[in-house]
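Participant: If you want the building blocks of each chain, they are given just below.
Protein chains: 2
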Amino acid sequence: MSDKNMQVLFANRPKGWVQESDFKIVESEIPQPKEGQVLVKNSYLSLDPYMRGRMSAGKSYAAPMEIGDVMVGGTVGVVVESKNEQFKPGDVVLGYFGWQKYGLSNGKGLLKVPADKIPLSAFLGVLGMPGITAWIGLNMIGEPKPGETVVVSAASGAVGSVVGQLAKAKGCRAVGIAGGKAKCDYVVNELGFDACVDYKAGNLDQDLKQAAPNGIDIDFENVGGEILDTVLTQLNAYARIPLCGFVSQYNVTEPYQLRNFGAFLASRVKLQGFIVGEHMNLWPQAQQELTQLYTSGKLKYRESVAEGLENAPKAFIGMLKGENFGKQLVKIADR
Amino acid sequence: MSDKNMQVLFANRPKGWVQESDFKIVESEIPQPKEGQVLVKNSYLSLDPYMRGRMSAGKSYAAPMEIGDVMVGGTVGVVVESKNEQFKPGDVVLGYFGWQKYGLSNGKGLLKVPADKIPLSAFLGVLGMPGITAWIGLNMIGEPKPGETVVVSAASGAVGSVVGQLAKAKGCRAVGIAGGKAKCDYVVNELGFDACVDYKAGNLDQDLKQAAPNGIDIDFENVGGEILDTVLTQLNAYARIPLCGFVSQYNVTEPYQLRNFGAFLASRVKLQGFIVGEHMNLWPQAQQELTQLYTSGKLKYRESVAEGLENAPKAFIGMLKGENFGKQLVKIADR
Chain A
0 MSDKNMQVLF ANRPKGWVQE SDFKIVESEI PQPKEGQVLV KNSYLSLDPY
50 MRGRMSAGKS YAAPMEIGDV MVGGTVGVVV ESKNEQFKPG DVVLGYFGWQ
100 KYGLSNGKGL LKVPADKIPL SAFLGVLGMP GITAWIGLNM IGEPKPGETV
150 VVSAASGAVG SVVGQLAKAK GCRAVGIAGG KAKCDYVVNE LGFDACVDYK
200 AGNLDQDLKQ AAPNGIDIDF ENVGGEILDT VLTQLNAYAR IPLCGFVSQY
250 NVTEPYQLRN FGAFLASRVK LQGFIVGEHM NLWPQAQQEL TQLYTSGKLK
300 YRESVAEGLE NAPKAFIGML KGENFGKQLV KIADR
Chain B
0 MSDKNMQVLF ANRPKGWVQE SDFKIVESEI PQPKEGQVLV KNSYLSLDPY
50 MRGRMSAGKS YAAPMEIGDV MVGGTVGVVV ESKNEQFKPG DVVLGYFGWQ
100 KYGLSNGKGL LKVPADKIPL SAFLGVLGMP GITAWIGLNM IGEPKPGETV
150 VVSAASGAVG SVVGQLAKAK GCRAVGIAGG KAKCDYVVNE LGFDACVDYK
200 AGNLDQDLKQ AAPNGIDIDF ENVGGEILDT VLTQLNAYAR IPLCGFVSQY
250 NVTEPYQLRN FGAFLASRVK LQGFIVGEHM NLWPQAQQEL TQLYTSGKLK
300 YRESVAEGLE NAPKAFIGML KGENFGKQLV KIADR
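Chain order of the listed sequences is A and B.
With numbering that gives the first Met the number 0 applied, the first sequence has no gaps in its numbers, which climb one by one up to 334 at the end.
With numbering that gives the first Met the number 0 applied, the second sequence has no gaps in its numbers, which climb one by one up to 334 at the end.
Hints in this document: simulated from the structure, not taken from any laboratory.
Since the list can't tell identical chains apart, any single copy or any two copies may satisfy a pair.
Derived pair list, reagent style SDA-like, types lysine to any residue, alpha-carbon separation capped at 25 Å:
id: 1; residue 1: Lys299; residue 2: Asp193
id: 2; residue 1: Lys208; residue 2: Gln256
id: 3; residue 1: Lys208; residue 2: Ala62
id: 4; residue 1: Lys199; residue 2: Arg258
id: 5; residue 1: Lys144; residue 2: Asn280
id: 6; residue 1: Lys144; residue 2: Ile274
id: 7; residue 1: Lys111; residue 2: Ile274
id: 8; residue 1: Lys87; residue 2: Pro32
id: 9; residue 1: Lys208; residue 2: Ala61
id: 10; residue 1: Lys199; residue 2: Gln256
id: 11; residue 1: Lys144; residue 2: His278
id: 12; residue 1: Lys144; residue 2: Arg267
id: 13; residue 1: Lys14; residue 2: Arg267
id: 14; residue 1: Lys167; residue 2: Ala181
id: 15; residue 1: Lys208; residue 2: Ala56
id: 16; residue 1: Lys144; residue 2: Leu281
id: 17; residue 1: Lys313; residue 2: Asn11
id: 18; residue 1: Lys208; residue 2: Gly57
id: 19; residue 1: Lys14; residue 2: Thr232
id: 20; residue 1: Lys14; residue 2: Met54
id: 21; residue 1: Lys14; residue 2: Gln256
id: 22; residue 1: Lys180; residue 2: Asn202
id: 23; residue 1: Lys3; residue 2: Asn105
id: 24; residue 1: Lys330; residue 2: Val79
id: 25; residue 1: Lys199; residue 2: Gly15
Could you build the full structure based on these sequences and the hints that come with them?
Facilitator: Here it is in structure tokens:
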């Protein structure tokens, strides 16, 4: 192989918005597997909002990255060389190799996936971490019952789009919140939500009341900030809030100050923050149900694919600004 | 009987702090029981922070009171006349007659209590609604495990004092937050908490860190506002917050704006608002355990007793300002 490895390193801790200069792209030799190791050539890299959190020094659920680290991230790729009997060349594997073309693994945390009839990228989206995040948050914390109203912010995104479709499958009214008419149209017309509110239209409170006329029973929260503050005023008694992300807050230097916290008592709300990696016991069930829905054509999704690892920083910044449409991926190499 | 009935009516909806002029005291004839009814002479009235919420017009878990209503409230008293075969004169009963000397009931919601060896007032405190609130919030939502740290605000109050003692009984570190040295001394020396932080000393963050050096696993929240905001920064992963009250917020016209909401995700916190009356299925178990602890001398409490129903408004206002010390009661009549 005359190919080289390419890596995107974490070069500078951002304050506020991430800049391209916060990353550094380097080339190096392709590593060689030792006994027990596997060399994987990554096909796709998943870009996700949580990565912004890892770039901050503050307390969060995961330790912050250190300057010089390879940027973290989920990947799907193909085994090119194996000195581990559990894997053979050609196997398609889900891993967490980060922003790099080639990765070495001892096999731990590497998951073979059945990629015969399913496009590789789906394992980073509806059938992967984002889809499972939606499944776990909605079912484990939301506990949806038929006839209830489920609101989800960032509704056209990788997690939100699955939340709404799962809610519909449970017999709920699914209401999305998204930025712009194009995303809202997609959420309703293609994903099959009952309604979608464009928060950029500047009339969130009224529009949400119209979209959720019976009040809100579950708020799958991806965004935080002012959108959450508005949702809080429209909760029904015993509402549940799976708290999945705060994408509105990752790039601000001063945190949003929540006004309507009183709703948690007034409506006896249950809220729970969660991260998908801490509920591995639920993954098999989630993956099975999602694959079933997907195979029967009931789980739709859209992808934004950036071509080439060198374009990952730009794509990541765009995603944080909401410029992507659907699951954001980087195509690193052909299968 | 030449006695008269006395009632305290809700006369004016307060904005901000409650005034004595928000109440009106009236006298009337003692009502006569009809077939199936019971006439009760109340001995004690319980004063509780939730009553402030009922005086507001805003959305809350219970409908607001209307001007002219008898102020709501839990009472313990003695049956003086009965045309209901389930009760006889002399029975001691817990009821919800509100701020009045005499009350009529059809028996529904009236509970006979074993007052032979237990002072009547205890049924409004450690063995009544406040004690049961502590038990349900701590056990149902907090789920304390031995060795964990439990923080409770308003720690010398009717609910908080029981929370800490139950936490100790479960093998937890119990840390109170209260206003002033006298209350803190009481919480530690008499109630047996491990530590108590005086929030009025102006050094809450540091003092709380010292009192809870291993971080906070359960925050039994009675107060809200800035105290909660500080507690949020010291939560451990998977912390639980039984949300019981917002006593800091009842008398403000502008709600406190919470800065540290991000902690709910960063620490994967579970928070649940609850009101005790909606978990009646748990009352028997709670009452049994509380009575057991009480009888064995392990459940200490203190009362502030205002003498005479005409002094209830003043005592209520004082309680909202934190002037009481322990469970606030009004003695209406001798048994």
